[in-house]
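Peer 1: Okay, here's what each chain looks like letter by letter:
4 protein chains.
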Amino acid sequence: MSSEFGKTLRVGVFGESHGRAIGVTMQNLPAGEAIDFNTLEAFLDRRRPGKNALSTARNEPDRPVFLSGLLEGKTTGSPLCAIIENRDARSRDYAELSDKPRPGHADYTAFLKWNGEADLRGGGHFSGRLTAPLCIAGGIAKQILARKNIFVGAHLFSVAGIADEAFSRVPDQALFDGIAQKEFPVLNDALGCQMQEAIVAASQAGDSIGGVIECAAVGFPAGIGNPMFDGIENRLSAAIFGIPAVKGLEFGAGFAASSMRGSENNDPFRMDENGNITTTTNHAGGILGGISTGQPIVLRVAMKPTPSIAKAQGTVSLSKRENAELIVHGRHDPCIAPRAVPVVEAVTALVLLDYLLEEKL
Amino acid sequence: MSSEFGKTLRVGVFGESHGRAIGVTMQNLPAGEAIDFNTLEAFLDRRRPGKNALSTARNEPDRPVFLSGLLEGKTTGSPLCAIIENRDARSRDYAELSDKPRPGHADYTAFLKWNGEADLRGGGHFSGRLTAPLCIAGGIAKQILARKNIFVGAHLFSVAGIADEAFSRVPDQALFDGIAQKEFPVLNDALGCQMQEAIVAASQAGDSIGGVIECAAVGFPAGIGNPMFDGIENRLSAAIFGIPAVKGLEFGAGFAASSMRGSENNDPFRMDENGNITTTTNHAGGILGGISTGQPIVLRVAMKPTPSIAKAQGTVSLSKRENAELIVHGRHDPCIAPRAVPVVEAVTALVLLDYLLEEKL
Amino acid sequence: MSSEFGKTLRVGVFGESHGRAIGVTMQNLPAGEAIDFNTLEAFLDRRRPGKNALSTARNEPDRPVFLSGLLEGKTTGSPLCAIIENRDARSRDYAELSDKPRPGHADYTAFLKWNGEADLRGGGHFSGRLTAPLCIAGGIAKQILARKNIFVGAHLFSVAGIADEAFSRVPDQALFDGIAQKEFPVLNDALGCQMQEAIVAASQAGDSIGGVIECAAVGFPAGIGNPMFDGIENRLSAAIFGIPAVKGLEFGAGFAASSMRGSENNDPFRMDENGNITTTTNHAGGILGGISTGQPIVLRVAMKPTPSIAKAQGTVSLSKRENAELIVHGRHDPCIAPRAVPVVEAVTALVLLDYLLEEKL
Amino acid sequence: MSSEFGKTLRVGVFGESHGRAIGVTMQNLPAGEAIDFNTLEAFLDRRRPGKNALSTARNEPDRPVFLSGLLEGKTTGSPLCAIIENRDARSRDYAELSDKPRPGHADYTAFLKWNGEADLRGGGHFSGRLTAPLCIAGGIAKQILARKNIFVGAHLFSVAGIADEAFSRVPDQALFDGIAQKEFPVLNDALGCQMQEAIVAASQAGDSIGGVIECAAVGFPAGIGNPMFDGIENRLSAAIFGIPAVKGLEFGAGFAASSMRGSENNDPFRMDENGNITTTTNHAGGILGGISTGQPIVLRVAMKPTPSIAKAQGTVSLSKRENAELIVHGRHDPCIAPRAVPVVEAVTALVLLDYLLEEKL
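Residue numbers (the numbering used here), protein chains in the order written: chain U, 1 to 361; chain X, 1 to 361; chain Z, 1 to 361; chain E, 1 to 361.
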């Protein structure tokens, strides 16, 4: 299952950073869904590098080529495959890297797992570049969900400890669209400026910084999910931890709930003005017992600082079995979190669509 | 897959709180593994209610009966099934509960999912009681892991915001055994006393409180796991979120990494005194790119406060479609986290054993 | 996955022939389905040994005990577990058997796989006795299918080369019910007598004989299934080969189609009198491209002769690594096929229900 | 899972007959396996159309392009993706076909399943053309198996009722290589000539004919597999029925076992000259209780006649809901079985490699 996830909607990612192409397969998409390629491009643009001074200059047009599963722009029901050719990859000297694993990267663990046979150029299959095909799949999922009035949006919740405002209890499509159009995806632009300053400061120090992303899905129907090990939190977490650099995940009040009292954390049920059952708060993040409550599904994702930094770092020589020093060359995003915002949306959308397809909704 | 998890080692849990029995099946256990029933009992005792003043008085001897998969105390290789009969369940009047969903519980979502047909007495299949069979399975996994010099231990990391000490960089078996013998599973007993006071305070206020559990696995070999969606974090998270009341999970530095710089968070590689590759810190929690580094696997689990509280709460009547008030009777653990400590160990052990069996280690 | 199958409806079987109990778990059953226990008993009776002179005398009341998943006789939606206690198992001396593997049984292969640790008493987990829990699950599936006007029936298609009549193109419930009430499940009782004579002859010769079972499902809707590797034939075959002694399987015209011409084998489409699309023949056995056509699903299952025979057989001593002779004591069914008829129905019903649940039909 | 199979070695096929490309992904291939592209080409050539007068003239060079998972001709351990571009597809008028489903094809069932949105040009995703990527994957599997001294070979067992000789009890690599080099894959060329005459006769009559393929794997170690639902027969059957036109499958003596006596069908164990345990016959086809015996794994696959025939056939107009007549134009293989011989080898090799990877052998 390594690079696949999903139960009904199966998504599989393939490719290495400096290989011929990267891509994604999607199985069991419903038939007859039109894909709006402009909307998809706009979504992919949000993750694309080189957008601003804060991200890597690698120029990747990343235009997806659809090999199967589409006929006249609509899904056919059979497996969809889309690829992105790798054009800009310069396989500079990776000889040093292959002997001296970069701290914080998967170089060493991949070396062990594949007995030195892995393609580690540019991070290989572990590269953040693999999130591009994930966004193709997720962008398609978002379009299908939107037709069902389900919207998924995300923003930078914090960077370097500087927090954006949190989502309101029930965010809406307009809010998500607004964030999506921003160059720096936050709710409060003033706070966003402070975050950007922190990123620039880290970058100028030859260093990097981490961040937290908050994601919400609105309009997801109540009563969807499963108990115990196949609930919404289970499937979402299994997929979200597949995004490179994710080290933490919480739903609703999350870690904060651990210092709350029950009377405070429990979300009282109430009839709303339309005669529907709602809750007055949403500390559960829209999920009770693995099953949706009908309230927004809310999650927060902690991303570690980019492991590639300009500063010299301690490592070892695998061949000489001795300590060594390493300087990682090249230009890397000093903070990966801003570009990861649409990736979190993509994965969330894919998991939620998986459930809907399962329920034939 | 609802109540199952694992890829090679398949674990399935069944039963309802007030049904005839609860139980667990384990598929693909290795053959010939002796089970030490005393050790298993001792492990189950750590989760058992009624141990002290802080936990519910329900008297559950919870002695497992093994129906299959064992011959003369050793595993046979074919599916193991163990059950615990429900003797002490008093199906007091659940009529009110079935109409008025308890806030913070799965009553409402289960009602929707199963069209009012779920057995919700005592929480039904969502009851914390289902963690007992999970501990049978996990206790067996821990014994098999220990024979491979892999040890899994956990402690209360915080309750009500009161933090225990964190695990040292490399905890050991002795430390884990020490915690396991304590009535209140913390490293620093003085801090543990403060936690207990906070629990008593919540209880006396007719309320409950949450907590965080820290779990570590030492001795797990390097190079195990998979990239992207089937890595150690993915499988552990999918399973850990199956424990009732878990709302957050982080590995290594976790959420704290999001405000760290790369130079700080990256774990430099170094040769140790024995000529092995190690890292000087372990912010990665023993996992890079989904694959083990050979350092301890470290995770922290946030548990919400027990949703059953004595205070009156707002809810709705499902039949009358109007607001209502609910008082949950019965005695419940004011803080579920202490009893969940062995449950987190159990699930962690099961997932790690799953990987080892897959690797034939 | 060893002893489990199904995608949405997960069925897992556990137990050994001479262990404490055998049983079955079912996950993702729909909630609110009443189980008619008399009908279920009647179904289990069809597979029960000792019914007539032809089958083993082991007295197994085989009354299932439901541990979970039922409330007041109706499914709750959470995992169902049912067990049958092993009362009549006499663990006579299996020492010889464990050293001298019985030809045609799994003794030798199980010995290798589990390093001599398997419980092989009475065939252990490989025993035909494990089809009893399978019939509990299948009997429940048949009841749920019947409410959707889908009926599954089977008969002995041939024994010792003596063929019964084949099912007509569209068999019906009444026909299935008629066969179910017969002591010897054939369409043509005269031919059934000949089969029984052949079985008696084999038995009197200290030998055994094989047979073929034909199974049909009527009322299954058109358009259900999947292309390539998850079609109806794929899932049915994966499950059917789990029945002990099955060595062949064909759908529709099956092997006969291999010597037919296309013009003969193709089923022409036609409008029927009600304006529905039908086919004039059903050589496809109701499945094209892995997807149902709406015609009866028809399959035939080849079962080898019971490997336990009274005649002396050549084997080896595993301990002495030398040739040996073996006489299998005890009484065994000289032909397993008659008792396997309901088992084939059970497995077929479970797979078809799996698809229906997936489609939310 | 529609178009995927395998547990450890996951194989997924995508593409439509007249789409942009068809392809295959392979997950969890071992790292460091060199691929001999010449050998792979030679294998793909065996399935290629247009080889002789008997098969369709469509000119498909079918040269695979590897997009990922290879570095300098060796597997890297991360997902491999290979594609074949569709160059020769002429989307002639499929308007008639899309309204008038071809008997024996999946047109009608795919129409139902995907609400008329499926790409059915040339059979779409159901086309026999999809077996080309399957052979890429299988050809790679065969190379890896050969390094472990496991060889998989197949031949035409019968066509139009004309039978080739059966494999000897233990066929070997040389025999398999010999068949692979023949234009018509049989053991006995004289019998092969008769088969070819029967194919030509069917073709000249505007008709088609079916066939049976026998496949064997030698060198597969004993003790591999699982009981009940995950045994070798289960996994092989689930995959083999994914090959278009397969309607029957048997292992070892198969259907013939159903009219054999136990004393005849049981394979006595014996010590061979090298002190290894063997059996004197192999009616079990190398599998007992789902687990390998160490004897050759032997299976036979029944393929129906090509449904595309030149003769006029009865069908319906889906739009007009009335009976219609259809003449399928274009040139099609009058017997698909000869070209399916390497496909059966490919699928068998993939399933056996899946088990070996699982066992880390």
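Do not rely on the hints blindly, as some may be mistaken.
Copies of one chain are not kept apart here, so a pair can be met inside one copy or by any two copies together.
[Claimed, not checked] No more than 20 Å apart at the CA atoms, straight line, and that leaves these computed lysine to any residue pairs for SDA-like:
#1 Lys-182 to Cys-193
#2 Lys-311 to Thr-280
#3 Lys-360 to Phe-184
#4 Lys-7 to Leu-356
Read the hints as simulated data drawn from the structure, not as lab findings.
Peer 1: Taking 20 Å as the upper bound on the Cα-Cα distance, should Lys-360 and Phe-184 be classified as within, between, both, or neither?
Peer 2: Neither way: Lys-360 and Phe-184 sit 36 Å apart in one copy and 43 Å across, limit 20 Å.
Peer 1: Can you tell me if Lys-182 and Cys-193 fall within 20 Å by alpha carbon in one copy, between copies, both or neither?
Peer 2: within (12 Å within a copy, 50 Å between copies)
Peer 1: At most 20 Å between C-alpha atoms: does Lys-311 with Thr-280 qualify within a copy, between copies, both, or neither?
Peer 2: The answer is between: 17 Å across copies meets 20 Å, while 49 Å in one copy does not.
Peer 1: At most 20 Å between C-alpha atoms: does Lys-7 with Leu-356 qualify within a copy, between copies, both, or neither?
Peer 2: both (11 Å within a copy, 16 Å between copies)
Going through the hint list in order, the structure does not satisfy hint 3, though it satisfies all others.
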